[in-house]
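> The chain contents come next:
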Amino acid sequence: MVGGNQLENANPLIYQRSGDRQVTAQDEDEDIPDKIDDREIFDLIRSINDPEHPLSLEELNVVEQVRVKVNDGESTVAVEFTPTIPHCSMATLIGLSIKVKLLRSLPERFKVDVHITPGTHASEHAVNKQLADKERVAAALENSHLLEVVNQCLSARS
Amino acid sequence: MAAEENGVWGLVEEFVSGQQDSKAAEVATEVKAGRCAVLQVVEALGSCLASSEPRTRGRGVQLLSKVLLQCYPKLTQKEVEVLVLFYENRLKDHHLIIPHVLQGLKALSMCETLPQGLAVSILKAIFQEVHVQSLMQVDRHTVYTIITNFMQTRGEELKSLGADFTFGFIQVMDGEKDPRNLLVAFQIVQDIIVKSYSLGPFVEELFEVTSCYFPIDFTPPPSDPHGITREDLIVSLRAVLASTPSFAEFLLPLLIEKMDSDLQSAKLDSLQTLNASCVIYGQKELKEFLTSLWSSIRREVFQTASEKIETEGLSVLHTLCQSLSRSVVGSDGEDVLDSFLSCVLRDCKHHLCEPDMKLVWPSTKLLQAAAGASYRSCYKITTNVLPLLLEQYNKHTQSSQRRTILEMLLGFLKLQGKWIHEEEDENALIGFKDSLCTVVYSALTDPNVQLQLVGIKALTVLGSLQGFFSASDMELVVDHLYRLIVEKDARNHLAAMDASGSLARIYPSSFTSRMVPKLSEKLQTGQMESSQERALFQCQNSLRQCCLRALSAVSTHPSIVRETVPLLLHYLRHAQKGSVLCAEDMISVCQSLHLLAVQCQQDTESLWYYHQTVIPCLLALAVQAALQETQSQAESPVLLDENVLTAMVPVISAACSHLSPELLTPSVSQVVGLFLHGDVSFLPENSFPRRFQPFQGESEEKQRRLVALLMAFVCPLQRNVEIPELGCLLQELLILSISSRCHFAYTSASKCFAGLVNKCSAGKQLDEVLCNAMERIESGLVDGLERTQVLTLLLWVTKALVLRYHPLNTQLTDKLISLLVDPELGPAAADGFSLLVSDTPDVLNKACHADIRIMFRQRFFTENVPKLVQSFHAADEDKKPNYLKALSHVLNSLPKQVLMPELPSLLSLLLEALSCPDRVVQLSTLTCLEPLLLDAAQILSLHMDTLVTKLLSLTCSSPMAVRIAALQCVYALTKLPLHVLLPYKMQVIRALAQPLDDKKRLVRKEAVAARGEWFLLGSPGS
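Protein chains in written order, with the UniProt record's numbering: chain A, 1 to 158; chain B, 1 to 1022.
Looking at chain B on its own, in the form it has when it is part of the complex (with noise of 0.2 Å):
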């Protein structure tokens, strides 16, 4: 006991006299552990303690203090008892002591054992003693933590003190400059507030010793370690400046004079915190200041020049009118939101009168905004509104006017949609139907385009409002959309189309008893008249076209569906058995039919109904086109057409994608027994004159094509859906992959190869399939016949199995790298590579539910970018454009985040790749540069000299679109940090002189742009 005492004794002395910091650690240890006890260190302590040397009392103290910290829960009460009554007493002692003082009671407050009441003593002691302002920041930040400490663990003991406690606190942070402290300052004063400690009479001294710091004019010292931004002191300060209601009357006049300031951060400021402050706030606090509150939000959404500003001015005052809404009249019967919002409309209503000058716009956005905030200044603001601009419409007859009148109509017309559920009985707008349908009417005959468009937008958000239009309104507004479509130059026509789809969701009977049978005849008379006579063919044509799109756009609800699906196949039936329509015909007719099935997607039933229909319908059409006889072997149907099987892809694709498997397992089975059987039973008016064998060995090509549907159906189906004769279907694929001789056969065959491929699960079957068509590749590419054929099956499986991370797709990857320097493939291989990286419409992608790993590009970027710069480099001459172009597809694909870090090491390369005489390699590498001119500022300075003089080369270079490229590039450029660009200003836009007169119109103009930004630099005013 007396060896361990003296150890401390010694430890003591020469942290004392010694001035060695670490005995401090060493004593703590000793406490911890259990070997000392505190008050034996106070023992130890006790000469240096009495001392006469403020000095050696401080380093005792210090001490006590750093021992504390470290061993504060093992203290017992006694212990603490002592303790505070020690601090407490040393804190009237030198100042010099004072900061260990702290120290020792920061340990003291987070103490578990303090006793009842002490906390309230110790804060006593502080803001009697202390005078807090006059510390070091440190020291400050300590007396604001104990403080802290006690909030969170004390919290009702110091609500004992009263009003005492916050005006203490009053006096400790007034004066503060410290950013740092002023964040813990701010968090208190919230405290205080939120978890309603007594203000007594201090409020408005709260309120004056946080208020003086707004509006925050802080900016952070560059390289600033705390990482303090006046963001956040702004945050900070306007949580405490709206926490209460009871700042309001102190804290309106405030914010209504900084709204004046010439500065736009202050006056931003002001408006947030206004707004923030107004959430909180009722009648009683606004209603002294609604005046000039209103006068300071319209003037600055009247004159700014920030849409920031008009935004948060807006918001004010939308936030104003909800919290006005929200209190309830009071028993004087003065309704406060009314006398405001008179006052709105007086001061907004006359400016609606003009519509050609500036401010209706701001007047109307005013109005809406206040409009908006709740169903009684809705009602208000439409019933005052809406019968001006009834009769503005009316009085203006220009359709330039006529269309902004109708424009702020159609905002306060929304507005109506957010609350007539509320309170169906009191609609605003019935009282108005009469005069407002005619007007939506007027517009729509309207010659004006633009009006036209406007009153079509109208007419859907009436039409949506509930009850607002009867069955027979419904009548009329439907033939409207009808003639809006079809009319012969109508510009309308998609707009109109838009709005009867949205329409048709709510009223599908008008629709299927006035649009649907209209349409229909229009799309048949259309085709008798266009086998007449060629002069009018164009024109139908379009009308055709037009019909077609409206079938689709008006097929929201499945009543419509059902109508609408019979009449285009019907159509399409058809145009096969007449051939009079040519392929852009069933193109379109496809096109509606793809659009449709999106329509459909969400609803189970007629999706179901789709499927049914439609895939039948097609197979059984396009088997009938492949087994026709035909006189020669050149002439082939026009439903043979790749253009025509490839717009039906989508549409058998969309019909399969979402249906769930125990509704598809029988068509699937139906689907792979017609292509590997020639099973058609299925198929309707199924009597053909041959057997249909698309894979078997002699087959014609014509059949083969159809392989693609077969690729439509199969591989957008969901995973669970089990395909029936799987490992037959894949053989089968894969030999026509090599065999076909015609390049639309042989790519679908490798597409549905690929896309069955990603989804197998993984095991001895996809093994023996992927070994199989490895040995096929193999032999295939040494062969000289099939060489085109077996790159497109690698290229097609190799992105299949990289999508999946499949161990293989390596090896074929590798295979590909060194493809690049094939004499005859190099090029081809190439450009395979973004075929690889770049997503596909029809296979293996999201919507086909292929197995698609989250950021295989970048792993794909990461395995195969240090091959490709390798072998680039150990190339010939004449091969590098391969490396470089298959380079530039893997990196424009990445996104900028994964390619920063790698940009020094591929920077020159890229540089290298500009002055490739090759364009492709050019432009991609242009367009992968131009958005790293933004984010690399650092790495890319480093190059300036080369990169600005080989833009600037490229500049007057070949094609039209490297020249672009390159201007863009060297816009983008400004945006790098000036000194780095101030040495070649000069030089730039003597160079851009040249493209200025470039022969191409669209050059000139991105030179002109570009110029115009290097102009600017570094000049004032910019």
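Looking at chain A on its own, in the form it has when it is part of the complex (with noise of 0.2 Å):
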């Protein structure tokens, strides 16, 4: 391939995009309070865009439902993602992108914990405990940078 910018994966596994969810007779009743459940919270991140391909973190099976977990009751959501590749540059960025999606769409009540699959990336431990770090996490928004990365992954794509 040409070019300068070259990609660390160029030619990734594709996944297919679980469609819409279907809105059931319950959902449109008035009086039946629905919960949040692990779908609700997989269709909050599936649409996030990977930082370096257009496709989405579904399409690259960075996400999954399986992989989510939530306790309405609780309050806490625990999220799983796994890079594509075991030295993905990109992880702590995703997980970012991750954190504070869900943290910008969830009721306050919520505590999220955003971490990685264990052993599928080299520096696991180091990113899971910057995610983890509130500090941290609010520092790395203030850094105007990281946040204009973060915001393209949680744009809508046009």
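Hints in this document: simulated from the structure, not taken from any laboratory. Honestly, I wouldn't trust all of these hints.
[What the hints assert, rightly or not] Chain A stretches covered by chain B per the calculated footprint, using a threshold of three residues with CB under 8 Å from any CB of chain B:
id: 1; segment: 26-35
id: 2; segment: 51-65
id: 3; segment: 102-108
[Said to hold, decoys possible] Subject to a maximum C-alpha distance of 25 Å in a straight line, what follows is the list of computed DMTMM-like cross-link-like pairs (lysine to aspartate or glutamate):
id: 4; chain 1: B; residue 1: Lys985; chain 2: A; residue 2: Glu52
id: 5; chain 1: B; residue 1: Lys999; chain 2: A; residue 2: Asp34
id: 6; chain 1: B; residue 1: Lys365; chain 2: A; residue 2: Glu59
id: 7; chain 1: B; residue 1: Lys1000; chain 2: A; residue 2: Glu30
id: 8; chain 1: B; residue 1: Lys1000; chain 2: A; residue 2: Asp37
id: 9; chain 1: A; residue 1: Lys111; chain 2: B; residue 2: Glu1013
id: 10; chain 1: B; residue 1: Lys999; chain 2: A; residue 2: Asp37
id: 11; chain 1: B; residue 1: Lys999; chain 2: A; residue 2: Asp113
id: 12; chain 1: B; residue 1: Lys999; chain 2: A; residue 2: Asp43
id: 13; chain 1: B; residue 1: Lys975; chain 2: A; residue 2: Asp72
id: 14; chain 1: B; residue 1: Lys985; chain 2: A; residue 2: Glu108
id: 15; chain 1: B; residue 1: Lys1000; chain 2: A; residue 2: Asp34
id: 16; chain 1: B; residue 1: Lys1000; chain 2: A; residue 2: Glu28
id: 17; chain 1: B; residue 1: Lys1000; chain 2: A; residue 2: Asp113
id: 18; chain 1: B; residue 1: Lys975; chain 2: A; residue 2: Asp43
id: 19; chain 1: B; residue 1: Lys1000; chain 2: A; residue 2: Glu52
id: 20; chain 1: B; residue 1: Lys308; chain 2: A; residue 2: Glu30
id: 21; chain 1: B; residue 1: Lys846; chain 2: B; residue 2: Glu722
id: 22; chain 1: B; residue 1: Lys349; chain 2: A; residue 2: Glu59
id: 23; chain 1: A; residue 1: Lys111; chain 2: B; residue 2: Asp997
id: 24; chain 1: B; residue 1: Lys999; chain 2: A; residue 2: Glu148
id: 25; chain 1: A; residue 1: Lys134; chain 2: B; residue 2: Glu1013
id: 26; chain 1: B; residue 1: Lys985; chain 2: A; residue 2: Glu135
id: 27; chain 1: B; residue 1: Lys1000; chain 2: A; residue 2: Asp72
id: 28; chain 1: B; residue 1: Lys1000; chain 2: A; residue 2: Asp31
id: 29; chain 1: B; residue 1: Lys999; chain 2: A; residue 2: Glu59
id: 30; chain 1: B; residue 1: Lys999; chain 2: A; residue 2: Glu28
id: 31; chain 1: B; residue 1: Lys1000; chain 2: A; residue 2: Asp20
id: 32; chain 1: A; residue 1: Lys35; chain 2: B; residue 2: Asp997
id: 33; chain 1: B; residue 1: Lys457; chain 2: A; residue 2: Asp20
id: 34; chain 1: B; residue 1: Lys365; chain 2: A; residue 2: Asp29
Each residue gets a CB set at the ideal place from its N, CA and C atoms; glycine is no exception.
Since each chain sits alone in its own frame, please combine them into the complex, following the hints.
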């Protein structure tokens, strides 16, 4: 491939996108409360853009519904994500995007935990530690360059 | 004479020494009127033209040029000659004078009497004496105008200059920077090339002097008065660059270089320019660059994130292959197209073997773009790719992979249809027929729904390729489709029906012999079993529905229609007699019949057959049911169920709306006779126990309901079809619409009346009918018992008249507006406004050939909204919601463009409507506001405070539909200009935290979308 800006992984495996969630009669019934479930959380993060490909995290299989755990009653969310290659330099950035998306989209009562699927990345612990550290996340978002990349990941694709 | 001369002298004096610019116009008027010759002006100027002071000389030349610009059509050849000589000399004069000299030359360039040879002489003088690029913008523009003028009128003369002209112009425009001048200059270059002026040895110079602007990087200043956009410049430069094959050797390397740019816009421009120029290039120009062009195109398509760039890249490849295909194979036998395609195949083919990887689709698209270019490229690529894909299909066993492979295959198959007619003897596909069939059949029997679906599509494409399937193949195909339609839990039955429909058009006999009988059998047996076992009922029911739909779906050929229509009617008759079927079944038969009618509408023969068969049968069944003796008044035959009758309406309408008057006249009088006089002679099986008299005063409601069928028949007729006994019919309908107690009957009667009134030609009869109706409406509204019926009639008649701009419509609408304060009818009247402005499915629409003037909604809006607004302000507090509701219905139906200018006056009302407790008003106001937010930024930004507060408070209000609409509006707000929004950012984000925890998921979804967008506002990277 010609061109200066080489991609780390130019021809990744593509996974199928799940369709939009079917709206059921129950969803439209005013009186029945809908609990926040795994699929709803997955829908929040599946369309996040990958920082280097014009593909969503779902299409790259970075996030999967089975790796999302939510407990509405206890107000906790845990998301595991899997970088496409073990040395992916974008892992922290992807984790940060997921975390920011969830912080912006979930009620404040939730405790959000984002980490790498065990055994899928070379510097798993370091990345997990950064993502779990509230102050470091806040500091990262003060950095306008980082914020720009995160916002790009979170923008609706045109 | 002397006096006049003195006059000119005086004017000249005042212009030159007195510095009075207006005097020039006066001199010009003198000359134009013939009171003074140009020569005299020159004489008068004599001293100042010879003055040693450059400013005075300039002033003199300026006056002369101004006069010439006004009077050039009057100049004689002799005068022109002298003036040209004079001006050419002046070009050597002081630089202050040059602009005025150019103005004079411009005037002379427009002169028709300019003698042969002088154009060349003027241009030579300009090229020699003037350094154009050191002039002001306006003066440079004058030079371009002079050149343009000469090129338009004296092209042949300029061509005699040979390449000198081109060279002269290159020097003139070299370094031009002003976009206004560039547009003219580009046009001149394009003319030089297109009108084949000699370029001589200056091809490269001409290319350089224009291509240095590529890619155009120009942003017009804000509030630019000239209105030149970047797009204008891009397009005109592209026209220059892509105007001649001689530029190829310079342009192609430039484009290849610019395609590598980091700027998306530069990439896009390069690709588009490449596309435009490849159209005129042939093998000779392209050959040398093919390798690098291909690698650039491939890189763009493989790597890009932008769909636009991908599309352009593919389109360039397509054009490239087309140009190569056009060129004749050279005498050395080297087929450039062939080697280029081999190159493309080499780079793309291996990606096709990895159906899970990202590059599989870009590679496929590249190959398909190349294959779509010509027969030769299609043949070469198909013969290479098809075996590979077939092999891959068998190699991969997972359904998802097979689906990808089959989808790629489908794309290549579709391209075949494009070329197959051209060269029938050499069909690339025939050799692969067996393996293709095997693959497609295997997809059709695969349990994976998506794979099946692609299989069905592939089947349709193969079937549409002439001569691909033999009759015996078709039998197998039809069997497969039949299985897919009736299979238990079939998820693709709709797709299979569509496929059957399109294939039945080509192979009707295979379907009449193999599918129709089987479907009919299935329909019958399904019916038998259903009565026996309750558990099976549901399953059988859906199977029957499916068979019914399929029967109508395959009726795409007249011969099939003749088979399926009797089947469906038989089924309906059977249902009526046995009364096993519930209303739902009847409705699905009617839906099938309707679908069938819609398919026949283009084909008069089928439609006429349908009309003659279906209408008498349906009417007979309905009359039979209405006259049946029943034990109790409450028990009524299924056929008379409102829903069943409503389902019959479109069936009858579809059979009437498209036939010509000659064919229809007899059946119209039969149907009118049936309803007015109970004449049943044309109905099959017409021995009824009693007379059918739906309009008789004492007739039962059961008979009256059938007026819906009358409406279905007479309302959709074309306006030139005459309806016998129209006056009588209208009178009866009017009486029935007021006197009936049954909602369905009186509504149908009102609709039928309205439908007929809408099409009545204006005249005495119409006036009488309307006058009569008005009287009844007036008196009916006073009387207590029938007010609801009268309101219904009023609404429908108003609608009929509003549509055709009948003068009475104002009176009727006013009546409706006055009813808004009525304690009993107010809310219903308010809802009625939605009826007035919306489209109705069964009557008074385009399909029914109703008299609908264009823009009736706008007219209704301008006439009535001021009244509504006025009455709203005058109304009591408890009546206000009615007005708001009526208003929001009217506003909702209007196109945005119409609403926009009225918005300032209505906005306060809309904002008030947001606080109205009525949820219908809230919802329709929100739906009305949402699109406006995108376009009326200016006006809305003045009301941001109120808007934001009210919207946010609605995001937590009671009905979920309102919460959702409010959140969608909050989302739409983000499209307003940033500076308006930023002050509210934190407030909105905080307020939206609450709906994030809404109990309904659908609300949370909108809240997430809106809040996410607000977070991005003014933040880097958004």
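> Assess, step by step, whether the Cα of B:Lys349 is no farther than 25 Å from the Cα of A:Glu59, and give holds or violated.
holds (23 Å)
> Does B:Lys999 pair with A:Asp34 here, judged by a C-alpha cut-off of 25 Å?
Answer holds: B:Lys999 to A:Asp34 is near 6 Å, not above 25 Å.
> Taken at face value, is the distance from the CA of B:Glu722 to the CA of B:Lys846 at most 25 Å?
Satisfied, since the Cα-Cα distance of roughly 19 Å is no more than 25 Å.
> Sort out whether A:Asp43 lies within 25 Å of B:Lys999, counting only the CA atoms.
Holds, because 17 Å separates the two Cα atoms, which is no more than 25 Å.
> Is the hinted pair B:Lys999 and A:Glu59 satisfied, with a Cα-Cα distance of at most 25 Å?
Judged against 25 Å, a Cα distance of about 30 Å means the pair is violated.
> Can you confirm whether the C-alpha distance between B:Lys308 and A:Glu30 stays at or below 25 Å?
The hint is violated at about 43 Å.
> Using C-beta distances, would you say chain B covers the segment 26-35 of chain A, given that this needs three or more residues below 8 Å?
holds (count 5)
> For the pair supplied as a hint, B:Lys1000 and A:Glu30, is the alpha-carbon distance within the 25 Å limit?
Status holds; Cα separation ~7 Å.
> Hinted pair, alpha-carbon criterion (25 Å max): A:Lys111, B:Glu1013. Please report holds or violated.
holds (22 Å)
> Assess, step by step, whether the Cα of B:Lys457 is no farther than 25 Å from the Cα of A:Asp20, and give holds or violated.
Satisfied, since the Cα-Cα distance of roughly 23 Å is no more than 25 Å.
> Below or equal to 25 Å on CA atoms is what counts here, so check B:Lys999 against A:Asp37.
Within the cut-off at roughly 12 Å; holds.
> Could you grab the alpha-carbon distance between B:Lys1000 and A:Asp72 and see if it respects the 25 Å cut-off?
Given pair B:Lys1000, A:Asp72 holds - Cα atoms ~13 Å apart, limit 25 Å.
The structure is inconsistent with the numbered hints 4, 13, 19, 20, 24, 29 and 34, although it conforms to all the rest.
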